[in-house]
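Chain by chain, the residues:
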Amino acid sequence: MSPLSTLTPLTVKKPSPARSRLRGGARYAPTLATVGLFIAMFAVGAGMYPSFLSGQVFLNLFIDNTFLIVLAVGMTFVILTGGIDLSVGAVVALSMMVSATLLQQGWNAGAVIVLVLLIGGGLGLLMGLIIQYFDIQPFIVTLAGMFLARGLCYVISLDSIPVTEGFFTGMAQAQIPLPGDLFVSPGVLLALGIVAIAFFVLHHTRFGRTVYAIGGSEHSAMLMGLPVKSTKILVYALSGLCSAVAGILFSFYSLSGYSLAAQGMELDAIAAVVIGGTLLTGGTGYVLGSVVGVLVLGIVQTFIAYDGTLSSWWTKIVIGGLLLVFILLQRLFARKAG
Amino acid sequence: MKSLLKHRLAWPVIALAALLLLNQIFRPDFLGLRMQDGHLYGSLVDIMRNGAPTILIALGMTLVIATRGIDLSVGAVVAIAGAASCAYIAASPDPGSPVTAATAVVIAVVAALALGVWNGFLVSTIGVQPIIATLVLMTAGRGIAQLITGGQIISVSNDHYKSIGAGYLFTLPISILITAAVFVLAAVLTRRTALGTLIEAVGINPVASRLAGLRSRNIIWIVYVFSAVCAAVAGLMISSNVTAADANNAGLYIEMDAILAVVIGGTSLAGGRYTLVGTVVGAFIIQTLTTTVYTLGIPPEVTLVFKALVVITVCLLQAPKARTLLSSLKAAPKPAAKEKVAI
Chain U
107 MSPLSTLTPL TVKKPSPARS RLRGGARYAP TLATVGLFIA MFAVGAGMYP SFLSGQVFLN
167 LFIDNTFLIV LAVGMTFVIL TGGIDLSVGA VVALSMMVSA TLLQQGWNAG AVIVLVLLIG
227 GGLGLLMGLI IQYFDIQPFI VTLAGMFLAR GLCYVISLDS IPVTEGFFTG MAQAQIPLPG
287 DLFVSPGVLL ALGIVAIAFF VLHHTRFGRT VYAIGGSEHS AMLMGLPVKS TKILVYALSG
347 LCSAVAGILF SFYSLSGYSL AAQGMELDAI AAVVIGGTLL TGGTGYVLGS VVGVLVLGIV
407 QTFIAYDGTL SSWWTKIVIG GLLLVFILLQ RLFARKAG
Chain B
2 MKSLLKHRLA WPVIALAALL LLNQIFRPDF LGLRMQDGHL YGSLVDIMRN GAPTILIALG
62 MTLVIATRGI DLSVGAVVAI AGAASCAYIA ASPDPGSPVT AATAVVIAVV AALALGVWNG
122 FLVSTIGVQP IIATLVLMTA GRGIAQLITG GQIISVSNDH YKSIGAGYLF TLPISILITA
182 AVFVLAAVLT RRTALGTLIE AVGINPVASR LAGLRSRNII WIVYVFSAVC AAVAGLMISS
242 NVTAADANNA GLYIEMDAIL AVVIGGTSLA GGRYTLVGTV VGAFIIQTLT TTVYTLGIPP
302 EVTLVFKALV VITVCLLQAP KARTLLSSLK AAPKPAAKEK VAI
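Residue numbers (my numbering), protein chains in the order written: chain U, 107 to 444; chain B, 2 to 344.
The shape of chain B in the complex, shown without the other chains (with noise of 0.2 Å):
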């Protein structure tokens, strides 16, 4: 039980199961799953639904984070995604076919590929910080989507497109699934491979990865091309569910909720050690404690107030300086304690 709890996935899992359970207290059928005209449905699976564009964004962010970075342009990126694809299915002149869909698509991800090339280029290349160098996307990014799309919200009405976000493939939301594969296509590439061996190693040490002969300018370039073409694929399933693009308000904050995804999942932002579960747990805290808000009846503009809490919260708990805090006090029922009023 005792090193259970000192697994560092320990704490987001007992936050998220604490999450879920008070949902469950409050509303029996929680986490009832049930068959509807052949799709799933239930609470469990709408929060996977509405998480997954955030968890896309958060596992790029994980990768991003290990080489001691940070890309803050990601909600930037799912902006131009959706404009871009969503300006060319409603120019083309047969706005409602499955090739206008998969090309608007791979317009998305080509978009995507160059701007995380760019973002590669300024860090890995020039060698300016991370938090700068993407900022420069950050702001000029937005901007960049308003011209694609002339300042207007863009409706476009396309069934094979609308299916990336809102359609369902063997009962389950083709949202998911994607979400899915990508989480298994990363974690393949980074635990079954040396890559992830490698990024570890250029976060703990640039320098020295680079004297021990590893080509870190090029794993650093790998890693924000896969955080801004996980970015388009969240970009895609936003503006087709909703099936329009808003240069504005598609993906506002959602670095936020990405960058704090991964730090409650418990990789440090200091670089070196990072865990793509953990990541997903924390995206589904964030996730679940939005439909927590609104399961106990509490007005949703208090989310940001619960977010702020627990994340401070969280942070405080993996902080090195608090558990030596702790530990001395050798008092196992207070971080529980804490926890609970923080939730």
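Bound conformation, chain U alone (with noise of 0.2 Å):
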């Protein structure tokens, strides 16, 4: 039994093997429904403001959410094994911190870089260890992760330390042309890159399998001999390693390095991933539906920014009812599967 789904107190009963696959296309239909509201939503944008239907408005989704997307990647693997990962947004505070104040001091940028992605990864290699070798909940210990991130952030700096290095600020000015006076940023071909590399991973490998297999039930992926230790705590240090590649992206898109950055944003990259249609006791998911969630989560936001009237909490308000929606869904998949 997966440690989060101890927390569960009705069972939640899983799709039998069997079942699910004489109704495999139940196994797709959270995602598809993901994608049918972000049409829905834009096609609504479209036809309220005329200038919403513009290709570069479509790119900006992934412009203003490059780090979100890096993080829902991670958090897929996390959440695929049954497990979850509340630290994410205070490693990306600690890498653009570390970042930030190391770059001020004159340090090369790629030997920054390099320094964050171990600290991250080192960080999620310890939280797995734990989780593992210590048999401790996934939701403790990574909250125990995110108050020493979010206390390291403190302690290097209260304050918002501007990045003023070449090959950063470089990287935030820089447009990628496309055709059509359209234009993305480095950073989108990068997630794009880390979300092909993750589908490639999941679905194509070994390791991949056995993270499936581990959400399905973890007591048969053991007697199966797939390797679930050492699977499990891979998983949190690949989490680890995409929130300090999400740093830097956000200092990219924001050039500074700030401790209170990215408060919530581990509820989001949660959000997106439930959005997608990856089910919270693991086993069944997919990192593209998580990528799809961050854009529903984008377009939430545009559509705020463009009506003018409507005041930022309804942000909050909207991703909160567009989850219950979509866990309802869930359950009701779950039930006739099941």
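Among these hints, one or two may not hold up.
Every beta carbon over 10 Å from chain B, so not counted as near; a handful from chain U, in silico [claimed, not checked]:
no., residue
1, GLY212
2, PRO283
3, GLY426
Calculated from the model, a selection of chain U residues having no Cβ within reach of chain B, i.e. all distances over 10 Å [claimed, not checked]:
no., residue
4, PHE144
5, GLY151
6, VAL163
7, ILE169
8, LEU224
9, GLN279
10, HIS310
11, GLY331
12, SER360
13, LEU386
Partial list, derived from the structure: chain U residues whose beta carbon lies under 7 Å from chain B [stated by the list, open to error]:
no., residue
14, PHE240
15, ILE242
16, GLN243
17, ILE246
18, LEU254
19, ARG256
20, GLY257
21, PHE409
22, ASP413
23, LYS422
24, ARG437
The set of hints was computed from the structure by calculation and includes no laboratory data. All values reported here derive from a predicted model rather than from experimental measurement. No residue lacks a Cβ here, since even glycine has one placed at the ideal position from N, Cα and C.
Using the hints, put the two chains back together into the complex; each one sits in its own frame.
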């Protein structure tokens, strides 16, 4: 039994393999619903505001959410195993603080990036080791990780530190032109590259199959002789690494480090994964669904920016509402299949 | 002595005592209490007063966790309760009267009842995982609180309302008395009636307890409503102490502190076994830790790092695997040394 599912009061009946093969289409249903929702929201936006229907508005969804896409990729791996990682927002902030401080002291950009990746990945690895070897709930371990990372941010500095280093500012201003006067940022290409790698790893490697197997039933996976321990540890290391990458991308985007940055971003990442159709009990979901989940969150924000009369707090309420609709959908599918 | 050490409250109590002792060494008047203007003063009173909202929320959280649940929405409920009551007082024609203050309290509690029923509905009737069911309200709740306050910080001036968080009764802060009353109520209800056993039964095996004829749903419902009401009262304390409602920052991360208090106190997150006394000790540890950081002259921003280290140490000490490892080593002084390093 996965640690997260021990929190479930009523047993969530997983669809048995045979039944779900019979109803193969249902596996894609939550993700397809998300895609449908995204298209519908885009259409409504285009109907209300003529300028909404432009390629650049669509591309801006990616540009403004590169870091969230990368976070959601890592979170998808963790949630597929039935775990959860609450530390990602704090690790993003820590990565930003470390890079901003070291760049200010004249460090080389490449060295800073490597160090930040090591810190993020190392912290994730440490949390994975504690979760696996001491059998403590991921929820609590990553919560402690969140406190640790956020605390280290405060220790480094309470003030916002600007980034003026050449490579970072260059990445912030760079635009990659696309046909039709459109452009994306280099960060978007990096994020999409990570999504592609994640897609390949999840669906075409032994590691990916083990991730799904653990989420389906950790005990069965163990009995089948799959490397459950190392896979679970690696998944948290991967999530930490993704958080570090997201932190660097966020530094490109905001050109500063601030210890209060990325507050609550872990919730956005979890929401994106859930809206993207991944079951929180683990075992079912797609990394591409999580990307669409991020785009849905992005379009809610765009809507509110376009409307002008709606205040920022409506974003939170709408995201909460969407989250509700999608978990209810998940329950419906789980019940039908089970 | 050995059997005392094996008691499940032993480590949390030792940790708390060590923390208090550490403070006493660095500030000799730390444990002292004195009367001034008919009020009791002292660091211990301060710790209790500042920790009151966390203790309250942690008490509610303990019962929720005992049913294998978790309530992430308490911070949002704190914000909503503060926002609703302050918005009512600010808009009423007679903002200073006791009736206005009482109505504001009732509004906050009724709102919390509704929110608790909502959480309980998602968990017990729809069967959503608690962590996700309450995530909905955690995400949307702060937005709702901002909606109520219009994105502003609403200041109120009502002496009766202010006394909830900053007033004194019988020489003691009222917030401490309220918290003590809720603790006694929860302890009596769960330890002197069958309710506590029922909660444990649901936590150990929800299906079996339902098959045995327990109304698991109603029990799950009760704990979420209790948790939300505790959060609302804490929200009233916080907003009345600063006589303002801040939808963005009131109760920020308080759910994390409350969960930590519960875990440090020795309640298992896997449900079924819980201790209210342990939770109170856990909340004191967290609050004392914050005070210790100030006493030792460490920059306050390090508090979070300390919290993280203490949490991990206590969790490791309580993890069955770590315990078997320790007992196989048969080295009694070792865990004590480890504890000290973390503090």
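If we take the beta carbon of U/VAL163, is the closest beta carbon in chain B still more than 10 Å away? Check passes; 24 Å lies beyond 10 Å.
Hold the hint about U/GLN243 up to the distance rule: shortest CB distance to chain B must be less than 7 Å. This interface hint holds because 5 Å falls under the 7 Å limit.
Supplied contact hint for U/PHE240, tested at 7 Å Cβ to chain B: 4 Å, holds
Is the nearest Cβ of chain B still more than 10 Å from the Cβ of U/GLY212? Holds: least Cβ distance 25 Å, greater than 10 Å.
Find the nearest Cβ of chain B to the Cβ of U/GLN279 and say whether that gap is larger than 10 Å. It holds; U/GLN279 is separated from chain B by about 32 Å at its closest Cβ, greater than 10 Å.
Should the interface hint for U/PHE409 be scored as holding, given a Cβ-Cβ cut-off of 7 Å against chain B? At about 14 Å, which exceeds the 7 Å cut-off, the nearest Cβ of chain B leaves the hint on U/PHE409 violated.
Grab the minimum beta-carbon distance between U/SER360 and chain B and tell me whether it stays above 10 Å. The assertion about U/SER360 holds, with a minimum of 20 Å to chain B.
Can the hint on U/ILE242 be confirmed by a CB-to-CB distance to chain B that is less than 7 Å? 5 Å, holds
Grab the minimum beta-carbon distance between U/ILE169 and chain B and tell me whether it stays above 10 Å. The claim holds: U/ILE169 sits with its nearest Cβ about 24 Å from chain B, beyond 10 Å.
Mind verifying the non-interface call on U/GLY426? Its CB should be farther than 10 Å from each CB in chain B. 2 Å, violated
Should the hint that U/LYS422 touches chain B count as held when the rule is a Cβ pair under 7 Å? 3 Å, holds
With d taken as the least Cβ-Cβ distance between U/PHE144 and chain B, does d exceed 10 Å? 19 Å, holds
Comparing the model with each earlier hint shows violations of hints 3, 13, 21, 22; every other hint is respected.
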